[in-house]
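Spelled out, the chains give:
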Amino acid sequence: MRCEGTYTPCLLPIEEIIEETRDIKTFRIRRPEDFVYLPGQFAEIFVPGVGEAPFSISSSPTNPTFLEFSIKRIGSVTQALHRLNPGDTIGLRGPYGKGFPLEELLGKNLLFVGGGIGLAPLRSLINYVLSPEHRESFGEVFVLYGARTPGDLVFRWEFPSWEKRKDLTLCLTVDEGDTSWSGRVGLVPNVLQEVFTRSCANWVGIVCGPPIMIKFTIKALREMGFEARRIITTLEMKMKCGLGKCGRCNIGPYYVCQDGPVFSYEMLVTMPEEY
Amino acid sequence: MEYAVLPKSALGSFVDALRQYGKVIAPVAKSERHFAFEEVTDARDIALKYIPTILPPKKYFMPQYETLAEYDIREGQKLYPVVEVEHIVLFGVHTCDLAGIQCLDVVFSDRPKDLNYLVRRGYVTIIGLECNEYCDQYASCGLMGTFLPQGGYDLFFTDLGDYFFVHVGTQRGEDIVANFSLFQRAESRHFWDLQLLRAKKAEIFRPEVPVDRFLLPRMFQEGFEAKVWEDVGNRCLSCANCTNVCPTCYCFDVKDVMNLDLRTGKRIRVWDSCQNEPFAKIASGESFRAERSDRKRHRFNRKFSYPVKRYNRFFCTGCGRCSRVCMAKIDLKETIAQLARETGYLKV
Chain E
1 MRCEGTYTPC LLPIEEIIEE TRDIKTFRIR RPEDFVYLPG QFAEIFVPGV
51 GEAPFSISSS PTNPTFLEFS IKRIGSVTQA LHRLNPGDTI GLRGPYGKGF
101 PLEELLGKNL LFVGGGIGLA PLRSLINYVL SPEHRESFGE VFVLYGARTP
151 GDLVFRWEFP SWEKRKDLTL CLTVDEGDTS WSGRVGLVPN VLQEVFTRSC
201 ANWVGIVCGP PIMIKFTIKA LREMGFEARR IITTLEMKMK CGLGKCGRCN
251 IGPYYVCQDG PVFSYEMLVT MPEEY
Chain X
276 MEYAVLPKSA LGSFVDALRQ YGKVIAPVAK SERHFAFEEV TDARDIALKY
326 IPTILPPKKY FMPQYETLAE YDIREGQKLY PVVEVEHIVL FGVHTCDLAG
376 IQCLDVVFSD RPKDLNYLVR RGYVTIIGLE CNEYCDQYAS CGLMGTFLPQ
426 GGYDLFFTDL GDYFFVHVGT QRGEDIVANF SLFQRAESRH FWDLQLLRAK
476 KAEIFRPEVP VDRFLLPRMF QEGFEAKVWE DVGNRCLSCA NCTNVCPTCY
526 CFDVKDVMNL DLRTGKRIRV WDSCQNEPFA KIASGESFRA ERSDRKRHRF
576 NRKFSYPVKR YNRFFCTGCG RCSRVCMAKI DLKETIAQLA RETGYLKV
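Those protein sequences? They're chains E and X, same order as listed. Quick note: the first sequence uses the numbering used here, first residue 1, plus one each step. Quick note: the second sequence uses the numbering used here, first residue 276, plus one each step.
Calculated directly from the structure, the hints in this document are not laboratory data. There could be a bad hint or two in this list.
To be verified - If you only want the chain E side, here are some residues facing chain X, beta carbon under 7 Å, derived:
{"hint": "1", "residue": "Thr6"}
{"hint": "2", "residue": "Gly51"}
{"hint": "3", "residue": "Ile74"}
{"hint": "4", "residue": "Gln193"}
{"hint": "5", "residue": "Gly252"}
Glycine is no exception: its CB is placed at the ideal position from the N, C-alpha and C atoms.
With these hints in hand, go ahead and build the complete structure from the sequences.
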């Protein structure tokens, strides 16, 4: 019999697709009026006939008209997504999870450290903080972003608007340069210790990237004097239901899809190291 | 009437009368040592003395394959949510399995609620049945304290020789009793018979492993790096038998499958298992519980530690099914005992 759906997405046409890198595209869809979210939350994206997968929302909730998801081509759903064109229909279910702890960030200076596609959830918060209605609630913003090669850097089209601001420092690095690259070369955790030379008092480090990069970045931040509660990360997990039930994203007593994906390092150390 | 008695001779007509509430499902003998919950039309087919069934009653609350939504591409790409329901009466559910159903109820009614589960749940009537004797060497209901009824039923039957002592648990149970004329008021001698049985049971049902149940979550936390996990991991075949037969293992996958007509299809929920390596593997290939020992430890923690923190209850009901079906003979009680020895929680 027909019923209310917990597991059924709402269908929306893709409005625009931005080619970020050779394997990452940003999909822009209209934001449904009841889709109320905070930076750091995620949603399940559905490709009809293929299935669903979880993605962090890379646009800021201060944008009332559209949602953006920046998606790397890597599994079955993402491959199907990458074959779609503007006008094609996708499904949206969410938002799920807990976003960044905005209250704890109030008045703090924010150090964002992103690796590869890990910049996507950070971008939502960065643009939230930079928005005119919220800018005064936060202190300085420092963004360190790295990718494997210059061609793997996402949101390059947006960087000029960040760079021209006086209240934001943007620092880019790549693991491996090429002839087009005159910028910094080096792994994110190492570069972090070179470029971020301020006192860490009143700073909060917000980290997202591949699991190995997160681990070494947290180690670097700890060495730089960041307290455990002042390091925040967002975890990648195979979330399926989004409701804290199906079990895939379970770590200790927590479900990443409900209790995360944002966790402080203080919290992470109390959890089994299964992330 | 909170308590009633039913003469055993009336069981046949009672089971017939139950059919007005739905399909009657009860334990049926498949062999001397194997039982299964199945539809019964004749009360004589019901195994009143049985050891835990091969699959627990969870198959009626959370079917192995369950349609969550349907679509027809001729009508566009919209998924129409559906729920598959059927009025059923589960008769003869032991206390360990009642505890298992209570665990599922807690999980699926925790916010955000799972509507498919909760809608179906409303169609199920549960009649429990007390274990008068200990079932076999695999059970650990003594340790888990699940050998006595702790709610979770509409009616609860205790076999006291030539009659059943009946506890009414819900309004629905009350209606069933009121609508069947052969129930009698429970008198003091009946309560006395029940007390005698319970006193006898207290002698038989003892903690199978000498550990304090309330310290189990702490023991599992402290024993996270214990050697027992490596030992168990080395033997485990990752077959997922243990999770399939577990009354509280509810992990699942959601899949979209198209029918052979290539026009209609459905979104289904199927049982999945943390014991399968791809279960928590992410698309980039990272596997957070890559080793069998990691996954075995995870499953044990999901029975004795994590849910105690999250839902304030153990998710092991002591039914012993996981040990009974393990092809590598991994025994739950032995595993707990070994962990207790390593961590110093074994009482001497």
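Status of each hint after checking the structure:
Residue-level restraint check for Thr6/E holds (minimum Cβ-Cβ distance to chain X is 5 Å; threshold 7 Å). Below 7 Å, beta-carbon pairs count as interface contacts, and Gly51/E has one with chain X at about 5 Å; its hint therefore holds. Checking Ile74/E against chain X: minimum C-beta separation of about 4 Å stays under 7 Å; hint holds. For Gln193/E, the suggested interface contact is broken, since its CB lies about 25 Å from the closest CB of chain X, more than 7 Å.
The restraint placing Gly252/E at the interface with chain X holds, with a minimum CB-CB distance near 6 Å, inside the 7 Å limit.
The structure does not agree with numbered hint 4 stated previously, though it agrees with all others.
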